[in-house]
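Engineer: Here are the chains, one letter per residue:
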Amino acid sequence: MDLEIQQRVKDMAEKYGPENVIVMLGSAEAEAAGLAAETVSNGDPTYAGPLAGVSLGLAVYHILEPEVKAEIDPTVYDNEVGMMEMVLDVDAISKEVKSIREQYSKY
Amino acid sequence: MYPVIKAASYILVHTPNIMIEGGTTQQLERDSQSDYMDQALKHIRSFQEAVLYAPNQAYIGNITPEVLENIPRPWYKNPLDNSSRYSKHGEIMPEDEFYILMQICDSFDLVKLDKDFVENMASKISQHPVLRDYADKIKPGINKGEIEAFIGNGAVPLRINGNLVGCVRKAHDKDINLSSHVMLENIATKASAVLALRHLVQDNNIDADSIEYVIECSEEACGDMNQRGGGNFAKAVAEIAGFSNATGSDTRAFCAGPTHALINASALVKAGIYKNVAIVGGGAVAKLGMNGRDHVKNDMPLLEDVLGGFAILVSENDGINPIVNTDIIGRHTVKTGSSPQQVIQSIVADPLDRAGMSLTDIDKYSVEMQNPEITEPAGAGDVPKSNYKMIAALAVKKGQLTRAEMDGFIDAHGLPGFAPTQGHIPSGVPYVGPAREAILSGEIKNAMIIGKGSLFLGRMTNQFDGVSVVLSKNPGIAEESPINEDKIRKIIASALRDLASHLGED
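Chains as they are written, first to last, in this note's numbering: chain A, 1 to 107; chain B, 108 to 613.
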């Protein structure tokens, strides 16, 4: 995850309280989604950015996960995400992000 | 009348030493004193290896993208036999010749070359189709000791195989926008653009004096501390290229720049303001070796060792060359939004909808044509393939394709990535030349050129951007039926009768 984005997530978690922040991912691949999810929950696994060794424990989801889809107006979801549902590997991405969330998210 | 694509040229410059010295990744790694730099030096390709690399042969036009698709990957392990450094409309230039070209393009005595090096290049210069015309402008060079003194004062070294052969000096003592590094970037961009423009006119028998306007569309900025992006690369490039009747200006839009430039050039020609407008983009030093860390990690050669360049001539309709259909223009607007679906809808689908066409009516789409062999090890995937999947998925959503037909659509309407990751260079324009030839030969009837740009990188806006334009077979110039005397008499009689009837009413 981009070092500047890590800092912005860290700042928001401090400002609003980690229990009030949800991180929504849009990564195109499962591995990248998993790395980003781990960064905002357990800490930066590459030990390169502001979240290295910082476990924010934030709730983290990917826009393609069924839990997220269920919360959004179907017309809006179809207009904004419907095409990418056909392009990306929804199952692999959902499985990866859910697994990280269940391990490290505290909220 | 629609304007036409009259000619296109594509050049690469193999610059492994500039990559090590000036590439952003290498600079950052050198500053952090990691062991990457030692590793990087072991992963450098020779000029011959760069020439034999199939994607490079596709970029300069010796093979079509379709032929490249059938060559097994990894391409760097399958050198292409019968490769040549020259093509019909371009070349791959080695670094030593490029240093000479940089000196030719340097108007402020900033590129200092070793006198023995310049002398030893005499034979190569005399044989090169572009350099030989500038032979009398090449300065003799200076002693190595003087070059070392300049480097001691902040100049960027120019090397060949590790040996010092010159340097680029700073152009001002205090102004960071005229630092030696910035001057290296800008002179390299200028020189590669000049090379593309010279091939454009020389290889296509175009009179350089017929070019009236040049639009430069790279991603560099030239200017001083009081006007950082003042410009004007276009005029600077036109001067050296010998376009004595031209002026020009720079168009900037990150990677979308070239497609914006193509549309702007077409508009200028269609409006009748100019008959011949050249668009040109030189290479980006900063992006050399950009994904080098991942290439070294995967024990691959540093494939980002070439500067890219291209030039396209947009001219008034000649009834033969493919037209730029200015009625089918896609654009990502401020209100569009940045979800991939909205982006593809606005740039690709909306203009076709407005023209009463479907996504399957376009024979070939030219998207971000990055070579996947460069991007995949860095985790960015196959960029053109992802774009084609999105276009196919949108066609399914619009009911123009069934889901089972998606793979077939991607194969038929897509192309393999073959361009170096030089930002604006791979963006849509690499296929303008091949599309021109494929339309002329009747292989395809049209192609959509798509340019997309990540404006947010400049931290001025979170907006994304993109535009598109369609090239089509020239239907020919319809001959207007001659108006004879009898016809004129009838028109006048009709007008007089009309006038008389109105007078009667009063």
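Quick caveat, the hints were computed from the structure, so don't treat them as lab data. One or more of the hints may lead you astray.
Unchecked claim - DSS-like cross-link-like pairs, simulated, lysine-lysine; straight-line CA separation at most 25 Å:
| hint | chain 1 | residue 1 | chain 2 | residue 2 |
| --- | --- | --- | --- | --- |
| 1 | A | LYS95 | B | LYS492 |
| 2 | B | LYS149 | B | LYS404 |
| 3 | B | LYS377 | B | LYS580 |
| 4 | B | LYS222 | A | LYS69 |
| 5 | B | LYS231 | B | LYS251 |
| 6 | A | LYS69 | A | LYS106 |
| 7 | B | LYS552 | B | LYS580 |
| 8 | B | LYS552 | A | LYS69 |
| 9 | B | LYS184 | B | LYS504 |
| 10 | A | LYS69 | B | LYS442 |
| 11 | B | LYS195 | B | LYS231 |
| 12 | B | LYS231 | B | LYS244 |
Here the structure is a predicted model, which is why all the values come from computation and not from measurement.
Engineer: Which hint numbers doesn't this structure obey?
Structural biologist: Numbers 4, 8, 9, in rising order.
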